[in-house]
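2 protein chains.
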Amino acid sequence: MYIAVMGYGTVGSGVVEVFLKNHDSIIKKCGQSQLDLKYILDLRDFPNDPNKDKFTKDFNDILNDDEVKIVVETMGGLHPAFEFVSSLLKAGKSVVTSNKELVAAKGYELLSIADENNVNFLFEASVGGGIPIIRPISQCLAANEIDEIAGILNGTTNFILTMMIEKNMSFDDALKLAQENGYAEKDPTADIEGHDACRKICILASLCFGKHVYPESVHTEGITKVTLSDVAYVNNLGGVIKLIGRAKRLGNGKISAVVSPCVVMASSQLANVSDVFNAILVRGDAIGDVVFYGRGAGKLPTASAVVADVIDCAKHTNRKKIFGWGPSEDDYVVDYRELDTALFVRATADDIEKAKKAVKKVFGTVKFVSRDNQPENEFAFVTDNEKEKELIAKLDSISEIKPCSVIRVSDY
Amino acid sequence: MYIAVMGYGTVGSGVVEVFLKNHDSIIKKCGQSQLDLKYILDLRDFPNDPNKDKFTKDFNDILNDDEVKIVVETMGGLHPAFEFVSSLLKAGKSVVTSNKELVAAKGYELLSIADENNVNFLFEASVGGGIPIIRPISQCLAANEIDEIAGILNGTTNFILTMMIEKNMSFDDALKLAQENGYAEKDPTADIEGHDACRKICILASLCFGKHVYPESVHTEGITKVTLSDVAYVNNLGGVIKLIGRAKRLGNGKISAVVSPCVVMASSQLANVSDVFNAILVRGDAIGDVVFYGRGAGKLPTASAVVADVIDCAKHTNRKKIFGWGPSEDDYVVDYRELDTALFVRATADDIEKAKKAVKKVFGTVKFVSRDNQPENEFAFVTDNEKEKELIAKLDSISEIKPCSVIRVSDY
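So the protein lines, in turn, are chains A and B.
Counted the way our numbering counts, the first sequence spans residues 1 to 412.
Counted the way our numbering counts, the second sequence spans residues 1 to 412.
Calculated directly from the structure, the hints in this document are not laboratory data.
One or more of the hints may lead you astray.
Stated by the list, open to error - Below are the BS3-like pairs computed for lysine-lysine, each with C-alpha atoms no more than 27 Å apart in a straight line:
{"id": "1", "chain 1": "B", "residue 1": "Lys321", "chain 2": "A", "residue 2": "Lys21"}
{"id": "2", "chain 1": "B", "residue 1": "Lys315", "chain 2": "A", "residue 2": "Lys69"}
{"id": "3", "chain 1": "A", "residue 1": "Lys354", "chain 2": "A", "residue 2": "Lys389"}
{"id": "4", "chain 1": "A", "residue 1": "Lys320", "chain 2": "B", "residue 2": "Lys254"}
{"id": "5", "chain 1": "A", "residue 1": "Lys28", "chain 2": "B", "residue 2": "Lys254"}
{"id": "6", "chain 1": "B", "residue 1": "Lys320", "chain 2": "A", "residue 2": "Lys69"}
No experiment lies behind these values; they were computed from the predicted model shown.
In isolation and in its complexed conformation, chain A is listed as follows:
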């Protein structure tokens, strides 16, 4: 049996590296007598690569080769990845991908095609890099009704926030450092605006709650508006600011899903997750809270998740994984503003004492918080839990203050 790898970038070359390095033990784990790499598809030239005899620029070489039973897709992007993967599944080949954009946009469609053609479409590496999360949710927690899922899903933004929290570095400096370290792309938009985290929470929510959740339906805020001033207040509150993607099963067959910076209190298992690490909390009805922690990105961690899926495909050539991931539904994801939350608010005011009185009058109980070097015209507070829409209306009604930052407070 042969495999092919499409896309020889960071992850793709990592897959080839891990596959060849641990080849003996991989063969053993597959229960196959033979499992080898036959093709690497990439439009670029790699004249000095040790696997140079395996390169092809023609997708049809892979599609039409009956000896290739498993194809790894690590090209990224929606097109032509979607067309390639569809064709391969229809040709009776199993596909393993690390492409979260593809899974978030086309997961249901591709799983259906895989199902019709009696092959597997696996995507463990699409969320949390090498952290085992897709398989534990679909198999190990199968006896649970999952109520909620929340996580630090993007290593780049977590690195930036960690530098802001621990080194008092500005957002711009931290972003620059992330780029220098290779943690952030030259164009960091997908990370810092929360799109990457959004794709991942869509995949997790689709898996946990059984209906496809599209990125467009999920309210998404990035971390570009988080300031060192916010970080300092939140530190005095006993918490940290993290970019959290979360989704929750509501009582009425609907779900909520949001990506935004959140205040996470120190006692939470998500508070101590630093640098490029990711952590995902799953709340089930029988198990309670379970947390999965590890490197959410990087060449070898992600590659190891891809190769584990390859082993799974090779081990069980006649078996389809059942994910229970159905089509979406209109208005399945409710307006996040209808949900209860507490808010951290940083604001300025001409007359702080008057402003605080007005805040107390409108919100009832609030907790004021201070920081070192606090400007005379600035203050911050945390509200009680209430429907977000109401909280925002209350905030808007206070003419004495000018809100600068409004950050949700997480309840786990």
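Take the given structure of chain A and dock chain B to it, following the hints.
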């Protein structure tokens, strides 16, 4: 298809509860048209139980019923669990167990019998309660060579240590509270002496490193000698004392495995694991560190892991899980004293200044640490990393001091 449950204690009754409560979604996940509970084996009477028509006291009812394809063993203990499970596997039934004593002592044997009879022997619930760990190690991390595994594997001792650390409660008071809360047995020996954690690290090490590790070969220390004085020094060092089970692949085809209290520094992902929670760190060559966190015990968490294994058996009736767990070997587990470690030492001395000088002379660099209300004749220090045997020899050579506590410092 039918299942049977043997042993209607905490876990067994939890299995029945979770199985019946989530029956519809379980059936769906199995891809079976029917999967029902047929027998509950227990020698006790449960006249008011809603499932009372399913009880039997005769093991042969289950063994001889061809409709029963999956049997859950939640009786605990080695005998007759081992004889029952062997017979069932030989009769072509898959068995799911939460019994860590059974798996730690007979895992290789039972997996071999299962293999010969083309059925499954699954034991996800035997380590970490409901935390997914067995399947992630055997499947998701399959592309990794696992180098090391370490964890807080026993909820009872972690609760006791948490009370000592956070509430300044004595060991005896904390144990009493654990018993009142139902976290500790009337006879707490297996927990507080580390035997339970030892069985779990044996199962994990067998799985990660491929050869059966027997509890007798693992040096095991409990937490009964940990004092509030140690806790206070370690707190000032920036750490906490945790009962850690760990196993490590050595270069020479051997492994090390130890269970003992350890100093865990605050930056570790294991430091923030409180109360009855468990956490397991796996270090792989490609993935780096991954941590799994959750409730390591309790009726519903453990039951949910058992039921997930039942679903797996029902889903894949013709498929054997490959664990790669082979027979043991002589001298496979090396003497823990041959390994490098740092040590925390609390000692008394008649002349503290003279004692400190002697310590410095023998050990070279050490870090002294103080605490509130430190008695005049007591002091504490942490050594550098060195072979444990050498460190102990050095300690024994210092006639000026009388060591009261010697605790390993963990390096993760």
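We went through each hint and held it up to the structure:
no.	hint	verdict
1	Lys321(B) - Lys21(A)	holds (24 Å)
2	Lys315(B) - Lys69(A)	holds (23 Å)
3	Lys354(A) - Lys389(A)	holds (24 Å)
4	Lys320(A) - Lys254(B)	violated (38 Å)
5	Lys28(A) - Lys254(B)	holds (20 Å)
6	Lys320(B) - Lys69(A)	holds (21 Å)
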